[in-house]
Amino acid sequence: MNPGIDLQGTFIESVRGFGIPPGAARALWLPLPMLIMLVAATVSVLVLVWLERKISAAAQQRIGPEFIGPLGILAPLADGLKLVFKEDTTPSKADGLLFTLGPAIVVIPVFLSYLIVPFGQNLIVADVGMGVFLWIALSSIVPIGLLMSGYASNNKYSLLGGLRAAAQSISYELPLALSVLAIVMMSNSLSTVDIVQQQSGYGILGWNIWRQPVGFLIFWIAALAECERIPFDLPEAEEELVAGYQTEYSGMKFALFYLGSYVNLTLSALLFAVLYLGGWEFPVSVSTIANLIGVSENTPWLQVSLATLGITMTLLKAYFLVFIAILMRWTVPRVRIDQLLDLGWKFLLPVSLVNLLLTAGLKLAFPIAFGG
Amino acid sequence: MNLAEGVQIVSLGVLAVMMLGSALGVVLLKNIVYSAFLLGGVFISIAGLYLLLNADFVAFAQVLIYVGAVNVLILFAIMLVNKREDFKVVPRMWIRQVATALVCFGIFALLGTMVVTTPWAISTETAVGDSSIVRIGLHFFSDFLLPFELASILLLMALVGAIVLARREFLPETELEAGETESLTLPERPRDLITTGRGDSTIQ
Amino acid sequence: MLKFLKQVGDYTKEAFQAGKYIGQGLSVTFDHMRRRPITVQYPYEKLILSERFRGRIHFEFDKCISCEVCVRVCPINLPVVDWEFNKESKKKQLKHYSIDFGVCIFCGNCVEYCPTNCLSMTEEYELSTYDRHELNYDSVALGRLPYKVTNDPMVTPLREFAYLPKGVTDPHDLPAGSRRSGLRPEEILDKEPKA
Numbered sequence: 001m002n003p004g005i006d007l008q009g010t011f012i013e014s015v016r017g018f019g020i021p022p023g024a025a026r027a028l029w030l031p032l033p034m035l036i037m038l039v040a041a042t043v044s045v046l047v048l049v050w051l052e053r054k055i056s057a058a059a060q061q062r063i064g065p066e067f068i069g070p071l072g073i074l075a076p077l078a079d080g081l082k083l084v085f086k087e088d089t090t091p092s093k094a095d096g097l098l099f100t101l102g103p104a105i106v107v108i109p110v111f112l113s114y115l116i117v118p119f120g121q122n123l124i125v126a127d128v129g130m131g132v133f134l135w136i137a138l139s140s141i142v143p144i145g146l147l148m149s150g151y152a153s154n155n156k157y158s159l160l161g162g163l164r165a166a167a168q169s170i171s172y173e174l175p176l177a178l179s180v181l182a183i184v185m186m187s188n189s190l191s192t193v194d195i196v197q198q199q200s201g202y203g204i205l206g207w208n209i210w211r212q213p214v215g216f217l218i219f220w221i222a223a224l225a226e227c228e229r230i231p232f233d234l235p236e237a238e239e240e241l242v243a244g245y246q247t248e249y250s251g252m253k254f255a256l257f258y259l260g261s262y263v264n265l266t267l268s269a270l271l272f273a274v275l276y277l278g279g280w281e282f283p284v285s286v287s288t289i290a291n292l293i294g295v296s297e298n299t300p301w302l303q304v305s306l307a308t309l310g311i312t313m314t315l316l317k318a319y320f321l322v323f324i325a326i327l328m329r330w331t332v333p334r335v336r337i338d339q340l341l342d343l344g345w346k347f348l349l350p351v352s353l354v355n356l357l358l359t360a361g362l363k364l365a366f367p368i369a370f371g372g
Numbered sequence: 001m002n003l004a005e006g007v008q009i010v011s012l013g014v015l016a017v018m019m020l021g022s023a024l025g026v027v028l029l030k031n032i033v034y035s036a037f038l039l040g041g042v043f044i045s046i047a048g049l050y051l052l053l054n055a056d057f058v059a060f061a062q063v064l065i066y067v068g069a070v071n072v073l074i075l076f077a078i079m080l081v082n083k084r085e086d087f088k089v090v091p092r093m094w095i096r097q098v099a100t101a102l103v104c105f106g107i108f109a110l111l112g113t114m115v116v117t118t119p120w121a122i123s124t125e126t127a128v129g130d131s132s133i134v135r136i137g138l139h140f141f142s143d144f145l146l147p148f149e150l151a152s153i154l155l156l157m158a159l160v161g162a163i164v165l166a167r168r169e170f171l172p173e174t175e176l177e178a179g180e181t182e183s184l185t186l187p188e189r190p191r192d193l194i195t196t197g198r199g200d201s202t203i204q
Numbered sequence: 001m002l003k004f005l006k007q008v009g010d011y012t013k014e015a016f017q018a019g020k021y022i023g024q025g026l027s028v029t030f031d032h033m034r035r036r037p038i039t040v041q042y043p044y045e046k047l048i049l050s051e052r053f054r055g056r057i058h059f060e061f062d063k064c065i066s067c068e069v070c071v072r073v074c075p076i077n078l079p080v081v082d083w084e085f086n087k088e089s090k091k092k093q094l095k096h097y098s099i100d101f102g103v104c105i106f107c108g109n110c111v112e113y114c115p116t117n118c119l120s121m122t123e124e125y126e127l128s129t130y131d132r133h134e135l136n137y138d139s140v141a142l143g144r145l146p147y148k149v150t151n152d153p154m155v156t157p158l159r160e161f162a163y164l165p166k167g168v169t170d171p172h173d174l175p176a177g178s179r180r181s182g183l184r185p186e187e188i189l190d191k192e193p194k195a
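Protein chains in written order, with full-length UniProt numbering: chain A, 1 to 372; chain B, 1 to 204; chain C, 1 to 195.
These are computed hints drawn from the structure, not numbers from a lab.
Each residue gets a CB set at the ideal place from its N, CA and C atoms; glycine is no exception.
Check the hints yourself; a few may be wrong.
A partial selection of chain A residues facing chain B, derived with a Cβ cut-off under 7 Å [stated by the list, open to error]: (1) 23; (2) 57; (3) 100; (4) 129; (5) 130; (6) 133; (7) 137; (8) 144; (9) 147; (10) 151; (11) 166; (12) 217.
Same shape as in the complex, but just chain A (with noise of 0.2 Å):
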């Protein structure tokens, strides 16, 4: 395999030659990586929102925002501006501490779980062993979050919402983790760069949406609900809870759980694409191709030229499945909260089960196929 660029040698390497130690040199560079993936996920977040809205307008036959910029490129901006000029209110008899404390919890852990996508071999801010593990964990934090800020509401909707958002993030928890332990036993690694390793080398045949037609759908439905995205957005389901655990928020509180959903669906999205869909993988094998003309793996343009193309691929996967997930929202109705505790432990889990022991019992029979 080729090693890809090493942007963190080739940085602390030229540090160094400026006569900084390379401790400092190190320490200097720790830091980009994270800022650099920060910033990515909040723009992330903005084009994701001006996706949604166009798209949405686009399925219901309307033109969606026009004047705000080229293509109304720019409204998700005034969205956000607004929101920050928003007056910030605290309810009254609502617990302000833990009112304050609830959308930075449900914030941080997502934005903590972008160390662990992989962009290119090591375009990737921790190449964490656990990594999968990782994002499953920090996930997990997510619904105490809500359930804090539910509490701190003081309002029954925001107390129902929290609860029902704790109770469905617990629910689809299991099969997430299941569908991506079928994953994880194909490839030996928890690590999201070996996943990725693992299903290069003949294109898009490799990929693993082949070898788990039905952990990725598990996979998907469950990230979906973990999200709260449409079919599973019971927590705030406006014609029952008026918002949910959103209810009594506004200005930049309201702001992070929006932001927190959107990143979150976004982060689904490319990890669906690392687990599934190859991550940084052209459909076509380009190490092949490169060999087949004759170019080294190591040349520095096809370096360059790889590494943009393995962002490039990512972000186009993670994007689909975007639109999946805003097509969805427009073609399924919202499910009774009975029918999604239905569907998390009477169908996918016992589904995800069954899949993961098929796997094992392949992995065994057909260890080339199933990464033995």
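Mind docking chains B and C on chain A? Use the hints.
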């Protein structure tokens, strides 16, 4: 001392303070909801300590299970009940409090002396890091197989028990007797299980 | 055992069916995405209303014979007809006439039954005011004719879907003189054998 060590020591201090502070809060605060939230803080700080010890898997498992499941369930139970009730003033409360404090300090002192007097053998082996999960798996299926399976049976029992408690299919329909108050009876009535989607087959 | 297997089979079939239905729904939504937006950019574009549009009612003072048929056919007896008997001409003389469009439901019964055709429907529908009493139109206000959409230089008039040429769905930038599919009402009249 290089940068990494400094960061480690500082984060150890921060985590320890966080853990002790929130643990004290869990015990001492009057508001039970605060206690439950602070318990989450304790769990998270412990996970941080595990991370400092290079035990990633244990740390993340701690977050997933204790914060994501146990603490959420505790909060869930508290919020579903959500009864704000003032406790009755018990006469000579201070005796109980002092007694509790004494017992607690006794246990603390006992544990403290145990920790100090035990000659801890500090292993010089480097931590396994990322491959720890492989080691844990190997141990689970070799020398720790029995405890592992026993734990799973314990969990299965808990699961079955929960299901038995949750689906009470039969409730004795007894009339209230003269002296009996309503609060002693179960508020639910037995209901027919509603079958959805399969109703048409029974109609025919 | 067989019963259990059948149950499992049925369940799987149902699950697949549910998946199929969701797929069908998705394809419908997806198909909608390539359709033309029906949006009319309102203050800048307006629809040319159909002939039978029931807008604000126009009233011609001089034609009215104060018969009060409009009041009688009105579901809520809305029109206010203020007349006085003129002893010289032995006719009712109309003094005031008013309709409150804040209450009117635009059913068009008055227009239908008016014996002298002094009531008629206009194309005006922009009836917003800051005070609902401003909607109470007297005979002078009722006599005003609305401005035609096609003559307004500020507005791009758009044809409604039924008035577009055959196969065209976009009302923007139609070639001049393009006509709708089918015959126009006057052509139908021309075709009728003259009585």
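These are the hints, each one checked on the structure:
With 7 Å as the threshold, the beta carbon of residue 23 of chain A comes within range of chain B, its nearest partner Cβ sitting at about 5 Å, so the hint holds. A hinted interface residue such as residue 57 of chain A counts as satisfied when its beta carbon comes closer than 7 Å to some beta carbon of chain B; here the least separation is about 35 Å, so the hint is violated. The beta carbon of residue 100 of chain A is not positioned within 7 Å of any beta carbon in chain B (closest approach about 13 Å), and the interface hint is therefore violated. The criterion of a C-beta within 7 Å of any C-beta in chain B is met by residue 129 of chain A, whose closest approach is roughly 3 Å, and the hint holds.
Checking residue 130 of chain A against chain B: minimum C-beta separation of about 5 Å stays under 7 Å; hint holds. The criterion of a C-beta within 7 Å of any C-beta in chain B is met by residue 133 of chain A, whose closest approach is roughly 5 Å, and the hint holds. Restraint check, residue 137 of chain A versus chain B: the minimum CB separation of about 4 Å is within 7 Å; hint holds. Below 7 Å, beta-carbon pairs count as interface contacts, and residue 144 of chain A has one with chain B at about 5 Å; its hint therefore holds.
Restraint check, residue 147 of chain A versus chain B: the minimum CB separation of about 5 Å is within 7 Å; hint holds. For residue 151 of chain A, the interface hint holds, the least distance from its beta-carbon to any beta-carbon of chain B being 6 Å, beneath 7 Å. Interface hint at residue 166 of chain A: satisfied, since its Cβ lies 5 Å from the closest Cβ of chain B, which is below the 7 Å cut-off. At a threshold of 7 Å, the smallest CB-CB gap from residue 217 of chain A to chain B is about 20 Å, leaving the interface hint violated.
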